[in-house]
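Whole structure, please, built from the sequences with the hints as guidance.
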Amino acid sequence: MSNRLSVKDLATIGIFSAIMIVVFIAFSMITGASLFFNMVLNAVFAAFILAPFFVYMAMKVNKPGVVLIYNTLHAVLTTVFMGPFMFPWFFVGGIIGELSMWGKDSYRNCKRITIAWIITSLTRATHGMSEIWFFYNAFVKTGVSKEQIDIQTQYYTDPKWVAISLILTIIAAMLGCYIGNKMLKKHFIKTGLLN
Numbered sequence: 005m006s007n008r009l010s011v012k013d014l015a016t017i018g019i020f021s022a023i024m025i026v027v028f029i030a031f032s033m034i035t036g037a038s039l040f041f042n043m044v045l046n047a048v049f050a051a052f053i054l055a056p057f058f059v060y061m062a063m064k065v066n067k068p069g070v071v072l073i074y075n076t077l078h079a080v081l082t083t084v085f086m087g088p089f090m091f092p093w094f095f096v097g098g099i100i101g102e103l104s105m106w107g108k109d110s111y112r113n114c115k116r117i118t119i120a121w122i123i124t125s126l127t128r129a130t131h132g133m134s135e136i137w138f139f140y141n142a143f144v145k146t147g148v149s150k151e152q153i154d155i156q157t158q159y160y161t162d163p164k165w166v167a168i169s170l171i172l173t174i175i176a177a178m179l180g181c182y183i184g185n186k187m188l189k190k191h192f193i194k195t196g197l198l199n
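Here the sequence shown is numbered in my numbering, starting from 5 and rising by one per residue.
Treat the hints as calculated values from the structure; they're not laboratory data. The structure displayed is predicted, hence computed values, not measured ones. Some hints could be false.
Said to hold, decoys possible - With a straight-line cut-off of 30 angstroms between C-alpha atoms, the simulated DSSO-like cross-links for lysine-lysine are: (1) Lys64 <-> Lys12; (2) Lys186 <-> Lys150; (3) Lys190 <-> Lys115; (4) Lys150 <-> Lys12; (5) Lys164 <-> Lys150.
To be verified - Between beta-carbon pairs, the in silico distance windows are: (6) Ala142 <-> Lys189: 40 to 46 angstroms; (7) Asp162 <-> Arg8: 45 to 51 angstroms; (8) Met33 <-> Thr146: 14 to 20 angstroms; (9) Arg112 <-> Ala142: 21 to 27 angstroms; (10) Leu39 <-> Val84: 19 to 25 angstroms.
Yeah, the Cβ is synthetic: ideal placement off N, Cα and C, and Gly gets one too.
Here is the structure:
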């Protein structure tokens, strides 16, 4: 089997990435009224909810490039909504995630996929922190409210809340991938929908 991504592979990545982005946006809109939730728990729930989609996408395509492409698409999305200053954050996260998949048959190895998803989820979890830590001036220029800046600064300069958010994100990503793998084995691999 060739390791080169086919048009069908790219379509699969595109479709699943789009589904994951839509689910994430819908979830964020539902929970958006609570700035505390958005600052501390949004990435945690996203790591859990989106994990089964990611596991299936990775195993279905089963070729290098899945992690990088997904994160790059997310980078493009944040560029549209926030500005180009956030693109490198997600793109570099995608490169690190893709490097974690280096090696033979890694895209059929749930442990390796879980590691890549943890990296991807932590990239998402820390992007708001990076807006305060590294891109403050560019972030302010996006027109975000002073209330949000103050709350982000409050939580993302407090080691306790940073640690809580990141630790819960790792746990949620692991649990989501575990459930996703179980679902695949039960509903897709046994039925022959996934070879």
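Now for the hints, and whether the structure bears them out:
1. Between the alpha carbons of Lys64 and Lys12 the distance comes to roughly 11 angstroms, so the proposed pair stays at or under 30 angstroms and holds.
2. Taking the CA atoms of Lys186 and Lys150, the gap is near 44 angstroms; set against the 30 angstroms cutoff, the hint is violated.
3. Distance restraint check for Lys190 and Lys115: the Cα-Cα separation of roughly 18 angstroms lies within the 30 angstroms cut-off, and the hinted pair is therefore satisfied.
4. The suggested pairing of Lys150 with Lys12 is violated, with an alpha-carbon distance near 45 angstroms, which exceeds 30 angstroms.
5. A distance of roughly 23 angstroms separates the Cα atoms of Lys164 and Lys150; the hinted pair therefore holds under the 30 angstroms criterion.
6. Distance hint check: the CB atoms of Ala142 and Lys189 are about 44 angstroms apart, consistent with the given range 40 to 46 angstroms.
7. A hinted range of 45 to 51 angstroms holds for the C-beta pair Asp162 and Arg8, which are about 46 angstroms apart.
8. Met33 and Thr146 have their C-beta atoms about 18 angstroms apart, which keeps the hinted 14 to 20 angstroms range intact.
9. One distance hint, 21 to 27 angstroms for the beta-carbon pair Arg112 and Ala142, is violated here, with the actual separation near 40 angstroms.
10. For Leu39 paired with Val84, a C-beta distance near 22 angstroms keeps the hint of 19 to 25 angstroms intact.
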